[in-house]
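Visitor: In case you want the letters, here they are:
2 protein chains.
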Amino acid sequence: MEFSEHIKTANVEDVVLRERQRPPSRGTLCVTGHHLLFSDREEDSSRQLLLLLRNIDAIEKSVENLSGYSGFFSKAGHGERMSGSSGTITIKCKDMRVIQFDIPGMEQCLNIAHSIEHKKWRLSSVNRDYSVCPSYPPAVIVPSSIGDDVLIKAAKFRQGGRFPVLCYYHRKNGMVIVRSSQPLTGANRKRCSEDELLLQAVIEGSDKGYIIDMRSSQQAQQAWMTGGGFESKSCYERWKRLHRHMERGKVLQESLIKLVEACSDESHNMDRWLSKLENSKWLSHVQTALSTAGLLAECVERDGHSALVHGYEGTDCSLLISTLAQLIVDPSCRSLEGFLALLEREWLQGGHPFQQRCAHSAFSHARLQQESPVFLLLLDSVWQLWRQFPLALGFSEVLLLRLATEAYASDYGTFLCNNDQERCAAGVKDRTHCLFQSLLKPTERDYYSNPLYEPTELAIWPSVHPQSLQLWKGFFLRWTEQARLLEEVQEEIRNMVIKWGKLALS
Amino acid sequence: MEFSEHIKTANVEDVVLRERQRPPSRGTLCVTGHHLLFSDREEDSSRQLLLLLRNIDAIEKSVENLSGYSGFFSKAGHGERMSGSSGTITIKCKDMRVIQFDIPGMEQCLNIAHSIEHKKWRLSSVNRDYSVCPSYPPAVIVPSSIGDDVLIKAAKFRQGGRFPVLCYYHRKNGMVIVRSSQPLTGANRKRCSEDELLLQAVIEGSDKGYIIDMRSSQQAQQAWMTGGGFESKSCYERWKRLHRHMERGKVLQESLIKLVEACSDESHNMDRWLSKLENSKWLSHVQTALSTAGLLAECVERDGHSALVHGYEGTDCSLLISTLAQLIVDPSCRSLEGFLALLEREWLQGGHPFQQRCAHSAFSHARLQQESPVFLLLLDSVWQLWRQFPLALGFSEVLLLRLATEAYASDYGTFLCNNDQERCAAGVKDRTHCLFQSLLKPTERDYYSNPLYEPTELAIWPSVHPQSLQLWKGFFLRWTEQARLLEEVQEEIRNMVIKWGKLALS
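The listed protein sequences correspond, in order, to chains A and B.
The first sequence begins at 1 in the numbering used here and counts up by one.
The second sequence begins at 1 in the numbering used here and counts up by one.
It cannot be assumed that every hint is accurate.
Remember, identical chains collapse to one label, so a pair may be satisfied in a single copy or spanning two.
[To be verified] 30 Å max Cα-Cα, derived DSSO-like pairs, lysine-lysine:
1) 153 x 119
2) 473 x 258
3) 208 x 240
4) 473 x 276
5) 190 x 208
I should point out that these hints are in silico values taken from the structure, not numbers from a laboratory.
Here the structure is a predicted model, which means the values were calculated and not measured.
Could you build all of it, start to finish, from the sequences and the hints given here?
Guide: See the structure below:
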């Protein structure tokens with residue numbers, strides 16, 4: 001149900017906007033096809049709120065009597081106009097903001113409430129019409145010794161057709177990171193010689209490769225029952241399998257919900273806060289993401305071997321881990337452009353189903369189906385890297401915050417649909433603007449750059465000690481007084497550094 | 001038992017120094033009367049360690065056989081020289097650092113281990129010979145209408161003679177903060193007209209004053225049994241009593257021990273870390289300190305009334321709360337000089353028993369008597385303020401770290417003894433250097449200043465939401481890899497800001 005389809009009252013006067021840590025303000029609420037617009041009446045300190053309807057995660061309505069009219073509402077009929085009563089709509093946004101409107105008059109309130117619901121490698125165009133793998137882009141990089149006919153057969157042996165493709169080539173030693181989905185061995189332990197050939201070609205000239213399977217070995221075996229499976233030692237003898245269980249899907253979604261609930265706990269109880277933070281397990285997921293990515297990076301950089309990474313579908317944790325590993329080992333991914341290009345390759349071309357995963361975030365009462373904050377987990381993990389290596393990354397925390405917001409609700413087409421095929425069919429590129437291009441505009445890029453950036457050629461190995469990781473306050477507590485204060489201060493420091501930097505250079 | 005009294009072996013060659021996150025280094029260990037000195041043999045990357053003996057909180061020794069000599073030690077006699085075995089001494093410092101020496105040869109190992117002023121107010125010199133209150137300085141500020149004879153009698157009615165004295169005068173509205181110890185009412189509900197007169201004089205011209213009692217009302221009543229008590233409504237009718245329970249003494253000490261134990265947990269278990277952090281309750285104590293100080297500051301600044309603060313002895317939490325409240329309301333306390341002067345007034349002149357409280361920190365196996373990290377709790381609370389208002393305080397985190405180290409073990413005389421009387425008797429001022437003076441030297445002060453300092457005349461109200469407070473990693477995790485890394489980065493940022501600032505001004 002689209003919000004805009006149910007607009008009965010487009011304009012309501014005399015609405016009071018309440019938001020945490022700000023004085024209430026009185027003005028006019030207007031609902032358009034895409035936005036909810038509030039503007040107050042004050043002449044000297046005018047305030048406007050423009051909220052994208054897609055940013056709304058949940059709406060709660062309640063009708064309260066004004067003090068002095070106690071008990072009035074319970075006796076009044078549903079359709080009756082009660083001038084003494086006021087309704088309240090609480091809007092909870094996907095980016096964790098919570099706003100509240102006190103709306104005068106029952107009817108209006110109900111109406112508004114209804115209104116709201118290289119050499120060894122080659123570029124293959126085997127997937128030019130998306131028929132081999134619907135979630136892959138038209139062009140993929142594969143070993144040059146492997147023909148398209150082999151790819152087509154190997155794709156049939158991988159869930160969703162996601163056959164192993166190159167996602168990172170390590171210039172230093174020629175090793176690579178390859179990703180895929182699970183092999184469809186099933187209970188009969190099927191084999192696929194083309195898949196074996198393809199993986200063999202990946203480690204051609206090396207003694208072995210590592211498979212990082214993001215399931216426990218028990219889970220990987222249980223996958224036989226549903227047609228999935230893993231690369232057995234006997235069929236892929238030169239590959240060494242490492243199992244690193246990572247949570248995904250609903251578990252991750254519930255973790256986010258618990259964390260956000262903890263963050264909005266207004267009680268002043270320190271024990272309760274720390275206990276809720278622990279129970280949410282969010283930081284454990286961040287820790288697992290960083291340590292698994294660290295393992296992958298170690299395989300390639302320190303151990304000097306190529307690696308294949310997959311779990312089940314290959315559209316979530318595989319992308320998370322390969323992205324983080326690239327940030328760890330490859331300096332070119334750490335500039336503003338490099339990071340956005342990495343996201344473009346791994347998440348957009350790589351086929352992360354943004355529409356399904358980011359339909360709701362933490363507040364929605366909708367029955368969750370495919371929602372899962374994998375991309376948010378990526379951004380949080382990148383933030384931890386950024387915090388641990390404040391000079392090594394070319395972008396600022398503001399960029400991560402912006403991306404977190406845009407993934408859930410956006411004016412741009414970048415995060416629309418679930419894969420390249422869908423975006424192509426919908427004409428997204430022709431009909432919408434690209435977020436990444438906009439972020440790189442000369443007027444914008446200063447804002448999203450890290451003024452302290454000093455590129456290093458070294459790998460940046462994150463510490464994954466529990467004591468080294470911390471809550472991403474900038475995101476999870478962004479709508480609190482504290483966060484706003486810190487934001488202002490950071491902005492001031494940024495401006496100072498930039499100003500002085502320019503003066504020093506001039 | 002002094003470490004230096006037991007030195008049998010002053011110099012040991014071929015000792016291996018091990019410290020977390022650093023490669024081991026081999027060199028010579030030397031123990032002097034005050035220091036433990038290690039210097040390695042490497043010519044190109046020479047490393048020296050100079051450790052003040054007073055900084056040592058605990059020493060653990062263990063004798064391990066080298067691999068290949070398994071079982072040798074158990075058969076060997078105590079005095080026998082075992083060239084194959086090596087002993088290990090683990091030194092745990094008061095500032096949380098842990099270092100380890102592998103020492104060749106049993107005997108050496110055992111030997112080393114053995115070795116190891118205003119119109120309404122006047123200055124009174126009633127306490128010039130410390131006879132009225134041993135823990136007060138010779139000069140105190142009291143209401144000008146109160147004679148020394150009244151003070152002498154009031155002092156007899158307060159524990160340890162700590163009669164109410166002025167510690168802060170709020171220029172904006174003439175209101176004050178006064179502190180004392182508990183009144184000695186006892187089970188017979190004794191009264192003291194001089195004490196009543198004195199407190200009456202404090203709020204002369206105002207309708208009321210607040211007493212912030214840092215005990216629960218139950219605790220305050222139980223104090224009757226041991227001769228203590230509180231200011232009853234009937235005897236002090238214009239004073240409104242507010243009870244805010246704060247932990248102190250052993251409870252605080254145990255909290256620190258638990259926290260430090262949690263911080264040194266090397267397991268990679270996120271849940272365990274968060275659970276231990278919660279169980280230590282340290283952050284709850286920080287929260288209580290800041291919220292009680294906030295209440296005191298509100299009484300004076302927002303409510304416009306004077307306040308008396310005390311718990312039991314008036315030498316611990318009273319100082320903590322009055323110090324924090326002054327930082328909150330008074331900009332002049334927030335400069336580097338202002339803050340050190342505040343510490344001088346409240347903690348040194350104010351009679352915090354540093355020698356008793358800071359004899360050991362978190363590692364010692366000694367039976368704890370009077371140890372309690374009240375001053376560390378102050379520094380942590382100031383750090384939280386500093387983090388929430390990064391431009392408002394004129395000093396840097398490095399200053400807080402330095403003070404935390406010096407309070408436990410120092411080359412200076414500043415934190416010696418328990419009060420001014422003791423320091424005077426020991427001739428501390430003549431025989432030692434003053435830490436605060438040294439920190440203010442032109443060569444040093446840059447290092448301890450906040451390069452981003454922009455003084456504000458406004459009160460700085462800290463947020464005490466659990467989500468707003470965080471572990472003081474700079475102190476509690478200072479000896480980990482992460483902390484070192486962050487320190488280096490902060491140092492680099494500092495240098496950049498200073499350099500640019502100078503260029504911009506030139």
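Visitor: Please go over all the hints and tell whether each is borne out by the structure.
Guide: Against the structure, the hints:
Taking the shortest Cα distances, residue 153 and residue 119 sit within 30 Å of each other inside one copy (23 Å), while across copies they are farther apart (95 Å). In this assembly of identical chains, the alpha carbons of residue 473 and residue 258 lie at most 30 Å apart whether taken from the same copy (15 Å) or from different copies (25 Å). In the homo-oligomer, the alpha carbons of residue 208 and residue 240 lie at most 30 Å apart inside one protomer (7 Å), although the nearest pairing across protomers, at 78 Å, exceeds that limit. Within a single copy, residue 473 and residue 276 get their C-alpha atoms as close as 15 Å, and across copies as close as 21 Å, so both meet the 30 Å cut-off.
In this assembly of identical chains, the alpha carbons of residue 190 and residue 208 lie at most 30 Å apart only when taken from the same copy (23 Å versus 87 Å across copies).
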